[in-house]
Amino acid sequence: MAKRDVPPRWDRKMQQRLARGEAAALGELYDRFASLVHGLAHRVLDDERAADHITRDVFAHVWEHPDAYDPRQGPLRTWIATLTHRFAVQRLRATETAALVRGGSGTAEELETKVRQASVAARADYIVQSMPAPLRAALELAYFQRRDYRQTAADLGVTEDEARRRLRLGLQLLSTARDAGTAQHPPGAPPGYGGAA
Amino acid sequence: MKAYDENGENGHNDETGESDDGGPGTGARIPLPRASVEDDGRALPEAAPVALEHQVLTSLLGAWALAACSAPEAAAVEEHLGECDSCADEALRLREAVTLLQRPESLDLDPALRTRVLEGCLERRPPRIPVPDWAASYDAETARLDALLQDFGDAEWHAPVRLRWFEDDGAASRRTTVAGVIAHLLTVDGTVAVGLGLDDPLGDITAPSGGPAARTEAYWRASHYPPTRAVRAPWREQSHSIVRTVAFTGDAGGMPVSYGDFELPLRDAMLDRAFECWVHAEDIAEAVDYPYAPPSARHLNGMIDLAARMLPGVLAARRRAGLATPGGGPHLVAAGGPGRSLRLEIEGSGGGEWLIPLDSPGAVGSADHEVAHVALDGVEFCRLAAGHVPPAEAAAGQAGDREAIRDVLFAAAGLSRM
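First to last, the protein sequences are chains A and V. At position 112 of the first sequence (counting the first as 1) the number is 159 in this note's numbering, and the numbers step up by one without a gap. At position 366 of the second sequence (counting the first as 1) the number is 1350 in this note's numbering, and the numbers step up by one without a gap.
The set of hints was computed from the structure by calculation and includes no laboratory data. Errors might be hidden in some of the hints.
What the hints assert, rightly or not - Pair by pair, the computed Cβ-Cβ distance ranges are:
{"id": "1", "chain 1": "A", "residue 1": "E95", "chain 2": "V", "residue 2": "D1188", "range": "44 to 50 Å"}
{"id": "2", "chain 1": "V", "residue 1": "M1239", "chain 2": "A", "residue 2": "E159", "range": "57 to 63 Å"}
{"id": "3", "chain 1": "V", "residue 1": "R1304", "chain 2": "A", "residue 2": "D114", "range": "56 to 62 Å"}
{"id": "4", "chain 1": "A", "residue 1": "D94", "chain 2": "V", "residue 2": "G1381", "range": "40 to 46 Å"}
{"id": "5", "chain 1": "A", "residue 1": "E159", "chain 2": "V", "residue 2": "Q1134", "range": "31 to 37 Å"}
{"id": "6", "chain 1": "A", "residue 1": "D202", "chain 2": "V", "residue 2": "Y1276", "range": "31 to 37 Å"}
{"id": "7", "chain 1": "A", "residue 1": "V148", "chain 2": "V", "residue 2": "E1107", "range": "53 to 59 Å"}
Computed from a prediction, not measured in an experiment: that's the story for all the values here. For glycine and all other residues, C-beta sits at the position ideal for the given N, C-alpha and C.
Given these sequences and hints, build the entire structure.
Right, here's the structure in full:
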């Protein structure tokens, strides 16, 4: 479903058009990435309105700072996912901290755990969306449709060896979602976003 | 493994344990980790472990973590994990990864969010190359339709759709599919693309005329197979190219665009294409039983205004064809002078009032010369103009000259085409 394997040329061209102040480019950017941005923000914040806010902030940031994207660092999609993640985690921490200050239940430690879990869940989503389609398809069959690896192989028209390989590789990619302690370092790029794209 | 330890409790609590009745996506089939199996002394799967090589066992780790291998294989893997640290590490890691699998959230984005987000951006940094106002409804409507198509599977793409319009004062229709409708939009939007110097989506296909129906039929005929979802990408790419290109035209949209037997200035052609996009998006939504809202009030108003401005020309053509009554009395109206008029009052979202000159497209609508008054809802008027509601059935409040009212309602329906 996701538009993958877009040549980096599209990314560079988009950046140039944004820098030139082309409103039509902003519309195209939104059409391509809005559901990614909104989905990730929603996974972190679990709130429709808050996800809307993050969507607005992310596109405003890209529109106001198109030069902040460096095509050599990776795809535009990854950069936008990274921004979304950062903004969403910041917002989650801010709202949770405010609740804590107002005397809500919970401890600072629980807050950090919550932030970390939301952060990992969002990164995992992004990894699944961005991994090669054959790996995603194998995971989809084995996990969501409860097919065993032999049935998965038959459904995909590949050998049983290949089905096992895809399931293992897919989970290996997914497991990197936990590697980056990004929630602790909002200004940095969560490394988890680079690996799977 | 640190991450695992920190989140361990959450990763395999009882809720995500071994119950068999969980629906897809509940994670219910994730077996308990190896350690728990040993701790509670629960019997291992009955089948005896099979003898497998290390390499095979390793390759099974993903399937094992997903509980997607046979019981003897699972037993063999688990036995191996007790002996092999590197496999045990990986097994733990992959099991943890399984807990991260979640159904993608396919929340429908509110189409109004697009407008809000883009407007917010443009306020913070005004564009050097704005999208002209008269192209905004096309931009919004194509984005809305594309969002509707987002999650369509093959069943939806091939769902039957009946295109309906009004022709020779009677209802006409043509059967196609959802993909066929998008092909129709692609080919007719193509007339605007060609006018802008972009590629014609018809390519080498020759159509007997430049009219919307002729182009569409030619496109449909040229393929041995009915259109498929593959038509979405070229349609979307073209609509994006059109918006991008009109932003650079810079002549206030005055450039003529040919529809075969008539022309519209670019700015009106864009309103027309936005209108058609909405109308056909409704056809599609109806075919697959999805809700679909009307355009925003501002955009709806532009579409109604275009129809109101086109009515005098259609009335004149109908008169020439003997379909409309000749104007009452001497109706030589000097170009630009006031003429007999009908007050078209559109209620609700996008509404307003228009004075339609009845006797000549060159005349100017005049309140002093008002002979009839029609009131109807904006969306109802658009359905009339799309040929989806017969003029006799349009729920309109009417006062004044009955002939004039009939002529205008039939002329409105006559604006429709395939």
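Hints, one by one, checked against the model:
1. A:E95 - V:D1188: 44 to 50 Å: Cβ of E95 (chain A) to Cβ of D1188 (chain V): about 48 Å, so the range 44 to 50 Å holds.
2. V:M1239 - A:E159: 57 to 63 Å: holds (60 Å)
3. V:R1304 - A:D114: 56 to 62 Å: holds (59 Å)
4. A:D94 - V:G1381: 40 to 46 Å: Because 45 Å falls inside the window, the suggested range holds.
5. A:E159 - V:Q1134: 31 to 37 Å: holds (36 Å)
6. A:D202 - V:Y1276: 31 to 37 Å: holds (34 Å)
7. A:V148 - V:E1107: 53 to 59 Å: Violated - the Cβ-Cβ distance for V148 (chain A) and E1107 (chain V), about 32 Å, lies outside 53 to 59 Å.
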